[in-house]
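Asks: Listed in order, the protein sequences are those of chains A and B.
Using our numbering, the letters of the first sequence correspond one by one to residues 4 to 82.
Using our numbering, the letters of the second sequence correspond one by one to residues 404 to 639.
One thing to keep in mind: the hints can contain errors.
[Unchecked claim] Derived DSSO-like pairs (lysine-lysine); straight-line CA-CA distance at most 27 angstroms:
no., chain 1, residue 1, chain 2, residue 2
1, B, K575, A, K15
2, A, K35, B, K601
3, A, K47, B, K601
4, A, K9, B, K575
5, A, K19, B, K601
6, A, K47, B, K575
7, A, K35, A, K15
8, B, K575, A, K59
9, A, K28, A, K9
10, A, K47, A, K9
11, A, K35, A, K9
12, A, K15, A, K59
13, A, K9, B, K631
14, A, K28, A, K15
15, B, K427, B, K601
16, A, K9, A, K19
17, A, K59, A, K19
18, A, K47, A, K35
19, A, K35, A, K19
20, A, K35, B, K485
21, A, K59, A, K28
22, B, K631, B, K601
23, A, K9, A, K59
24, A, K59, A, K35
25, A, K47, A, K15
26, A, K59, A, K47
27, A, K47, A, K28
28, B, K631, A, K59
29, B, K485, B, K427
30, B, K485, A, K59
In short, the hints are calculated from the structure, not lab data.
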Amino acid sequence: MTIYFKGGGLLKEYLKPDVDAYTRKVETTQGKTIREIMEQINLKPSLVSMAILSGKVIPMSYMPSEGDIITLRPPVQGG
Amino acid sequence: MQTRYARQIAIPGWGEQGQNTLSKSTVVVVGAGGLGFPVLSYLTAAGVGRIVLFEYDTVNETNLNRQLLYTMNAIGQPKVQKAIHRLTEMNPHGQMIPVPEPFSDNNAGRYLPDADLIIDCADNYETRLAIARAAHRYRKTMVHGAVAGFLGTVGTFNSGYGPCFQCVYHEKTDVSPPPVFGAMAGIVGSIQATEAIKILINYGNIVYNQILTIDMETGQFERVMISKREPCPVCS
């Protein structure tokens with residue numbers, strides 16, 4: 004199945020977007036979690052502090068469905 | 404003195420009543436850095452009666468791109484002292500309480516029970532967790548803010564009634580030192596100050612159970628829903 008990861012900021016460099024400046028298309032299999040799909044594309048989970056789908060924060064254990072567009076936020080911890 | 408606040412008193416829904424409420428409010432602010440500058444400045448200018456400022460660091464040159472309470476002359480000096488001096492110049496009518504210590508479980512109880520809310524202007528995960536624990540213990544609203552590069556986050560956590568900071572941020576994922584520039588800290592801190600004032604004078608919609616994600620690279624602001632994590636080490 005095909006899903007999409009979107010990411011900005013420091014994450015862009017590691018995400019290697021190929022659809023537009025922020026979006027990476029990923030071919031994967033059903034039943035994998037977000038964390039596992041990130042590992043599949045060599046994106047370290049420690050680079051991501053939050054995953055967002057359809058306006059909701061979702062856990063890294065979430066299993067995406069076909070066509071899901073998941074926004075990944077890098078750590079935002081400065082002050 | 405009310406002449407000073409005339410332009411905000413004129414806002415429908417704010418009025419003299421709102422201004423009086425502000426003048427009697429106590430806000431705990433943790434951090435007088437990049438976020439602390441706009442938060443402290445706008446709360447002071449708006450007439451918040453009492454501000455308790457936790458800040459233990461000294462000024463260094465790498466602060467000066469965004470921590471506009473300080474100048475070159477302040478390098479090496481305690482931030483809390485310089486901040487309160489500057490804020491008192493800005494508005495001498497409020498009470499400023501300096502606490503030159505790291506905010507922790509051990510000192511949170513000294514001021515938080517009597518405060519109306521706590522504002523997170525910290526720059527690290529451990530302090531933010533301490534703020535979240537204290538906010539939950541004393542049932543105070545926590546107005547969280549954070550910034551990195553062109554990204555920012557603001558969240559208002561209504562302790563005891565909804566998800567807390569740790570429900571959203573389970574693990575430490577700091578990038579040390581976090582990259583920050585002034586205008587972004589200004590955007591996030593200004594939104595925090597605005598949310599704080601809304602809470603204090605009970606104005607408009609206080610948006611709990613959501614966080615505001617800001618991406619100024621693309622110019623996008625998005626509210627995302629958050630939910631309680633069960634079990635949560637802080638609020639379960």
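Asks: Taking the hints in turn, state whether each one holds.
Replies: Against the structure, the hints come out as follows:
In summary, the hint linking B/K575 to A/K15 is supported, as the alpha carbons are separated by about 20 angstroms, within the 27 angstroms threshold. Restraint check: the Cα-Cα separation between A/K35 and B/K601 comes to about 43 angstroms, which exceeds 27 angstroms; the hinted pair is violated. Between A/K47 and B/K601 the CA atoms are separated by roughly 39 angstroms; this puts the pair beyond 27 angstroms, and the hint is violated. Simply put, A/K9 and B/K575 have alpha-carbon atoms about 22 angstroms apart, close enough for the 27 angstroms limit, and the pair holds.
The straight-line distance between the Cα atoms of A/K19 and B/K601 is roughly 41 angstroms, outside the 27 angstroms bound, and the hint therefore fails. With a CA separation close to 14 angstroms, the supplied pair A/K47 and B/K575 stays within the 27 angstroms bound. Of the supplied pair hints, the one linking A/K35 and A/K15 holds, its CA atoms being roughly 22 angstroms apart against a limit of 27 angstroms. Restraint check for B/K575 and A/K59: the C-alpha separation of about 21 angstroms stays at or below 27 angstroms, so the hint holds.
Note on A/K28 and A/K9: the hinted pairing holds, with a Cα-Cα distance of about 9 angstroms set against a maximum of 27 angstroms. Of the supplied pair hints, the one linking A/K47 and A/K9 holds, its CA atoms being roughly 15 angstroms apart against a limit of 27 angstroms. Distance restraint check for A/K35 and A/K9: the Cα-Cα separation of roughly 18 angstroms lies within the 27 angstroms cut-off, and the hinted pair is therefore satisfied. For the suggested pair A/K15 and A/K59, the alpha carbons sit about 21 angstroms apart, so the restraint of at most 27 angstroms is met.
Taking the CA atoms of A/K9 and B/K631, the gap is near 24 angstroms; set against the 27 angstroms cutoff, the hint holds. In summary, the hint linking A/K28 to A/K15 is supported, as the alpha carbons are separated by about 13 angstroms, within the 27 angstroms threshold. Of the supplied pair hints, the one linking B/K427 and B/K601 holds, its CA atoms being roughly 15 angstroms apart against a limit of 27 angstroms. Proposed proximity of A/K9 and A/K19 is supported: the alpha carbons are some 10 angstroms apart, at most 27 angstroms.
Pair hint A/K59 plus A/K19 holds up; C-alpha atoms about 24 angstroms apart against a cutoff of 27 angstroms. Under the criterion of a C-alpha separation no larger than 27 angstroms, the hint pairing A/K47 with A/K35 is consistent with the structure, at around 16 angstroms. This hinted pair checks out: A/K35 and A/K19 have alpha carbons roughly 20 angstroms apart, not beyond 27 angstroms. In summary, the hint linking A/K35 to B/K485 is not supported, as the alpha carbons are separated by about 53 angstroms, beyond the 27 angstroms threshold.
Under the criterion of a C-alpha separation no larger than 27 angstroms, the hint pairing A/K59 with A/K28 is consistent with the structure, at around 20 angstroms. Proposed proximity of B/K631 and B/K601 is supported: the alpha carbons are some 24 angstroms apart, at most 27 angstroms. For the hint pairing A/K9 with A/K59, the CA-to-CA distance comes to about 14 angstroms; that is within 27 angstroms, so the pair holds. Of the supplied pair hints, the one linking A/K59 and A/K35 holds, its CA atoms being roughly 19 angstroms apart against a limit of 27 angstroms.
Between the alpha carbons of A/K47 and A/K15 the distance comes to roughly 13 angstroms, so the proposed pair stays at or under 27 angstroms and holds. Taken as a hint, the A/K59 and A/K47 pair is honoured in the structure, with Cα atoms around 22 angstroms apart against an allowance of 27 angstroms. With a CA separation close to 17 angstroms, the supplied pair A/K47 and A/K28 stays within the 27 angstroms bound. Pair hint B/K631 plus A/K59 holds up; C-alpha atoms about 12 angstroms apart against a cutoff of 27 angstroms.
Proximity of B/K485 to B/K427 is assessed by CA-CA distance (about 24 angstroms); at most 27 angstroms being required, the pair is judged to hold. Distance restraint check for B/K485 and A/K59: the Cα-Cα separation of roughly 41 angstroms exceeds the 27 angstroms cut-off, and the hinted pair is therefore not satisfied.
In terms of the numbered hints stated before, the structure departs from hints 2, 3, 5, 20, 30, listed from lowest to highest.
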